[in-house]
Structures are given as structure tokens and as C-alpha cells.
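S.K.: Given only the sequences and the hints, what does the whole structure look like? Please build it.
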Amino acid sequence: MQSSSTTIPSISDPLAQADDAVRLGSLKHARDLYQSLLAANTDSLDARIGLQYVDYIERGRPGRFSHLAPSGSTSLNTDKLRNLQLNQAEFEAGHTFLLSLPPSLTLEHTTRCNFYCPHCTKGYDIYMALDLEKDLFNKCLDSLLPYITSAEITGFGEPTIGRDYLELVDRLSSQGVRIDFNTNTSTLTLPHLEMLIRNNARIIYSIDGAIRETFEAIRAGGNWDHLQWVLHATHRLRLILGGESTFSITFVAMRRNIAELPLIVEMAHRFGLDLIMVQDYQPIGRELDQESLRFDPVRSNRIIQEARELAKRLHIEFVAPPPYQVESPTQASEVKDHPAPRKRRRLLPKWNRFPRRCPHPWHTTRVKVDGEVTPCCFSVRSMGNLKSQAFQGIWNGWRYRTFRWWIESPLPPPECRICHVYEGINQGNPGNTMQEEGLLISWAYHMEQVIFNLWSRISSRWKKPPPPAPLYFKKGKKWSPEEE
1 MQSSSTTIPS
11 ISDPLAQADD
21 AVRLGSLKHA
31 RDLYQSLLAA
41 NTDSLDARIG
51 LQYVDYIERG
61 RPGRFSHLAP
71 SGSTSLNTDK
81 LRNLQLNQAE
91 FEAGHTFLLS
101 LPPSLTLEHT
111 TRCNFYCPHC
121 TKGYDIYMAL
131 DLEKDLFNKC
141 LDSLLPYITS
151 AEITGFGEPT
161 IGRDYLELVD
171 RLSSQGVRID
181 FNTNTSTLTL
191 PHLEMLIRNN
201 ARIIYSIDGA
211 IRETFEAIRA
221 GGNWDHLQWV
231 LHATHRLRLI
241 LGGESTFSIT
251 FVAMRRNIAE
261 LPLIVEMAHR
271 FGLDLIMVQD
281 YQPIGRELDQ
291 ESLRFDPVRS
301 NRIIQEAREL
311 AKRLHIEFVA
321 PPPYQVESPT
331 QASEVKDHPA
341 PRKRRRLLPK
351 WNRFPRRCPH
361 PWHTTRVKVD
371 GEVTPCCFSV
381 RSMGNLKSQA
391 FQGIWNGWRY
401 RTFRWWIESP
411 LPPPECRICH
421 VYEGINQGNP
431 GNTMQEEGLL
441 ISWAYHMEQV
451 IFNLWSRISS
461 RWKKPPPPAP
471 LYFKKGKKWS
481 PEEE
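Note that the working numbering numbers the sequence shown so that position 91 is 91, with each residue one more than the last.
It should be emphasised that the hints constitute simulated quantities derived from the structure, not laboratory data. Computed from a predicted model, the values in this text were never measured in an experiment. Beta carbons: idealized from backbone N, C-alpha and C, even for Gly. Treat the hints with care, as some may be off.
Stated by the list, open to error - Derived Cβ-Cβ restraints for the label pairs, each shown as a range:
{"no.": "1", "residue 1": "Gly63", "residue 2": "Leu263", "range": "42 to 48 Å"}
{"no.": "2", "residue 1": "Leu86", "residue 2": "Ser66", "range": "35 to 41 Å"}
{"no.": "3", "residue 1": "Arg64", "residue 2": "Pro359", "range": "33 to 39 Å"}
{"no.": "4", "residue 1": "Asp32", "residue 2": "Arg302", "range": "29 to 35 Å"}
{"no.": "5", "residue 1": "Ser66", "residue 2": "Ile458", "range": "51 to 57 Å"}
{"no.": "6", "residue 1": "Arg255", "residue 2": "Leu166", "range": "35 to 41 Å"}
{"no.": "7", "residue 1": "Glu58", "residue 2": "Gln389", "range": "50 to 56 Å"}
{"no.": "8", "residue 1": "Ile451", "residue 2": "Arg64", "range": "49 to 55 Å"}
{"no.": "9", "residue 1": "Leu347", "residue 2": "Asn385", "range": "39 to 45 Å"}
As the list claims (entries may be wrong) - With a straight-line Cα cutoff of 30 Å, these simulated DSSO-like cross-link-like pairs (lysine-lysine) come out:
{"no.": "10", "residue 1": "Lys80", "residue 2": "Lys134"}
{"no.": "11", "residue 1": "Lys387", "residue 2": "Lys80"}
{"no.": "12", "residue 1": "Lys139", "residue 2": "Lys80"}
{"no.": "13", "residue 1": "Lys139", "residue 2": "Lys387"}
{"no.": "14", "residue 1": "Lys387", "residue 2": "Lys134"}
M.R.: Quick look at the structure:
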């Protein structure tokens with residue numbers, strides 16, 4: 001990846017001179033330079049943010065982020081390096097019983113969210129706004145901290161508003177674990193950004209529009225002006241602080257926003273972001289499913305290719321699903337509920353129809369807010385629960401071993417069949433692989449879904465659902481970019 005945070009700016013650039021002065025501790029000189037820039041252009045958000053950062057430093061860095069010291073070296077100790085190498089070898093060999101433990105953890109420490117995006121079920125359904133119980137929080141970290149090299153702390157919510165977010169960041173960074181999460185950017189402030197940059201975090205901004213109207217319609221609850229402030233602040237602080245942090249964009253591609261993808265590439269270039277990940281919209285059984293790019297494959301493929309070529313010219317890493325096939329499934333029911341997709345002619349599946357192997361059941365594990373352990377962020381299939389089991393027993397239990405075998409079979413788990421994660425077996429485009437699976441495989445999945453739905457209806461009679469909490473965003477705290 002190439003990042004502008006490592007680019008040496010021109011010495012004749014007054015903004016670069018001001019940044020250099022901050023870096024060298026010449027705060028009065030930096031203040032004078034930023035003020036002169038602001039006097040020349042009162043709309044200069046870069047100069048205004050520079051002044052805000054100087055003020056923050058001169059006040060002694062007050063606030064809740066100041067105690068989170070940088071972790072220092074990210075080099076692996078001997079035990080973590082040995083575990084990482086063994087894990088990779090076991091994945092390449094296809095072992096189902098593993099001597100290694102996962103080098104990566106996905107920890108859903110909260111389900112709170114202050115947005116209500118229409119492409120997420122949180123935008124429609126009542127849900128429990130929960131935080132991971134403290135004993136499970138400690139049990140998980142005590143079991144895995146000696147082995148993990150990275151931790152994604154994103155779950156089904158906004159990670160930065162979880163009750164134990166700061167403690168989690170502190171414990172991970174103090175053990176040299178690289179922090180990784182997606183955020184809607186709503187809580188980010190200068191102190192917050194400084195802490196993440198100093199700890200070499202990998203942060204992904206969820207941005208689904210390059211203009212105000214599109215962004216605020218899709219990221220409902222978001223504010224375009226605040227997003228612009230965050231992007232300017234991220235760029236400014238990375239230029240001042242340097243380091244090995246990465247800041248990227250994830251873009252959920254739909255018919256209503258795909259035309260703005262080249263503008264997203266230009267946005268990433270303007271603010272020195274490292275990577276753009278285009279994510280296939282996953283149908284959720286709502287009217288919005290008509291926005292799937294599978295309804296407009298020719299236009300979508302053309303725009304994605306234009307954006308890819310632009311990103312290459314601007315030296316920005318660009319990741320997107322394979323081109324959409326003209327006859328791949330389009331209807332939400334075809335992708336979500338598994339009947340035979342339209343226009344499918346072949347009886348038997350295409351050999352090696354999956355473009356890649358999925359490393360997640362070997363390389364990572366996910367702990368949900370209720371203690372359930374699942375193989376990845378997309379599968380809700382339980383491998384066990386930390387409330388009643390030790391993690392080591394879950395990791396090599398029969399469920400995990402079966403799942404590792406199953407995902408490599410010609411008939412992988414149903415959730416893997418529709419997975420839109422780029423690292424998964426579909427390489428981000430499940431419609432393409434479904435087009436090649438054949439009628440026999442399609443109807444096998446369909447019958448599996450019928451049986452599953454029947455069992456769910458029967459078993460639901462025996463279970464008393466917990467009372468739902470109100471939609472969290474309605475009572476969510478209003479955050480200011482000036483907050484410390």
C-alpha cells in the first residue's frame with residue numbers, strides 16, 4: 001500500500017511547514033503558520049484542524065484517550081511468530097484438527113449503534129443494545145492474547161461506543177496486538193484519532209456516498225460535514241505523526257451509488273487513504289434489495305473497472321468483487337432463500353466453481369456479544385460458547401472440525417454459499433458462483449432451507465425471546481468533533 005502519510009511534502013508548502021513545526025515541538029511557530037493560512041483562507045479546514053491540534057497539545061492532552069500510550073514495536077514475539085507460521089502451514093495442508101490457535105480475533109464487544117442504515121437490518125428491526133459481559137470479556141482475552149497478532153473489534157454495531165472500548169484498546173495495544181475495526185466515523189475526535197494513529201491501528205471508514213445527499217441517505221444518522229472534518233483531521237494527523245497506521249474506505253455498492261465510486265477513489269487520494277474495498281450489497285429481504293448491482297451488471301462492471309483504473313493511476317489499492325455475470329441471480333429470494341436462480345441451465349456444478357479458499361475457519365475466530373463463538377463475521381453458526389466452555393476446547397471441537405471440512409466440500413455451508421466477503425470462497429460475488437452451481441446443488445440448498453425454516457418454527461415455540469431494547473440510535477449520544 002502507498003499512503004500519503006509517508007510522502008515528504010514540499011518545503012515551500014506553508015501547510016507542510018506548519019506540520020513540521022508541530023512535529024518538532026515548535027508549537028508557537030506552528031500556530032503562527034496555521035493562523036496566517038486561515039487568515040488567507042477562512043474556509044481552510046486543514047489550517048483550522050492544525051490550530052485545534054496545537055491547542056490540544058498545549059493544554060496537556062486532556063481527556064479519556066491520553067492514558068492510552070502507543071504500543072511501540074509491532075514485531076512478533078517468538079511464541080506468536082511460531083503460532084502464526086504453524087497456523088498458515090495447517091491451513092495450506094487443509095487440516096481440520098489444529099495444533100495452532102487463531103492468530104486473529106474478531107471480538108464483538110458491543111451491539112450498540114447510533115446509525116440506522118437501510119442496507120443493515122438494524123435500520124428496520126428492534127434489537128438488543130448489549131455489551132459483552134465482563135467475565136466473558138476477560139476470559140476471551142486471557143485465552144487468546146498470548147497468540148493473536150491482530151484483533152478486529154467490529155461486531156454488529158459501532159465499536160467506538162461500546163462500554164469497554166477504551167479498556168479493550170488498552171489491553172490489545174499493550175500486548176502488541178494490532179487493532180482493526182470499521183467505524184461510521186461519528187465519534188472520532190482529534191484525541192481519538194491521535195491515539196489510533198500512534199498505535200498503528202488499521203481503521204476502515206464506512207462511506208457509501210461521495211456527495212452529501214447520497215451519504216446521508218445511506219448512512220442514516222451520519223453527517224456529511226462531520227465526515228469531511230474527520231477526513232481532513234485524519235490526513236493532517238497522519239502527516240504530522242507518521243507511523244504505520246492504515247486508513248481505508250469500505251463502500252457498499254448499490255445501483256443508487258455505484259456512479260459515485262470514481263469520486264470515492266478521488267476522495268481517498270485527496271485524503272491519503274490506503275485502500276478502497278467495494279463490497280457487494282447483501283440482500284436482506286427488503287425493498288432495498290432492488291438496489292443490487294445484479295440488476296444492472298453491464299453498467300456496474302463498467303463503472304467498477306473505471307474506478308479500478310483510476311485507483312491504479314493514483315496508487316491506491318482497490319479491491320472489488322469479480323465482474324457481475326449478466327445471468328447471475330438478481331432477486332433477493334434467489335440469493336437469500338436459495339431456490340433455483342433464474343436462467344440456470346446446467347444440471348451439475350462447474351468444477352472448481354469457487355475462485356478461492358476461505359482462510360477464516362483456520363486463521364480467525366469470532367466471539368459474539370453473548371459469548372457464542374462463530375467461524376467468521378458472516379456465519380452465525382455456533383461453534384460453542386465461552387460461558388460454558390474453554391476456548392481451546394471449542395477451537396478443536398467437533399463443530400469447528402466439521403465446519404473446516406464442510407467449507408472445502410462441493411456443498412459448503414449455506415451461509416458460505418451467499419457470502420459476499422472478499423476473502424471468502426466467492427471472492428465477494430456470490431451471484432457468480434451460484435450461476436455455476438447447477439440445478440442439483442441449487443435444489444439441495446433449497447431443501448436444506450425448507451427443513452431449516454420448519455425446524456426454526458417448531459423450536460421457536462419452546463424458546464421465550466428476550467424483551468428487545470429500543471433502537472439504540474434514538475437515544476444515542478450526540479457527538480461533537482471538538483469533544484475530548
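S.K.: Run every hint past the structure and note whether it holds.
M.R.: Here's how the hints hold up against the structure:
no.: 1; hint: Gly63 x Leu263: 42 to 48 Å; result: violated, 34 Å
no.: 2; hint: Leu86 x Ser66: 35 to 41 Å; result: holds, 39 Å
no.: 3; hint: Arg64 x Pro359: 33 to 39 Å; result: holds, 36 Å
no.: 4; hint: Asp32 x Arg302: 29 to 35 Å; result: violated, 50 Å
no.: 5; hint: Ser66 x Ile458: 51 to 57 Å; result: holds, 55 Å
no.: 6; hint: Arg255 x Leu166: 35 to 41 Å; result: holds, 39 Å
no.: 7; hint: Glu58 x Gln389: 50 to 56 Å; result: holds, 51 Å
no.: 8; hint: Ile451 x Arg64: 49 to 55 Å; result: holds, 50 Å
no.: 9; hint: Leu347 x Asn385: 39 to 45 Å; result: holds, 41 Å
no.: 10; hint: Lys80 x Lys134; result: holds, 25 Å
no.: 11; hint: Lys387 x Lys80; result: holds, 26 Å
no.: 12; hint: Lys139 x Lys80; result: holds, 19 Å
no.: 13; hint: Lys139 x Lys387; result: holds, 9 Å
no.: 14; hint: Lys387 x Lys134; result: holds, 11 Å
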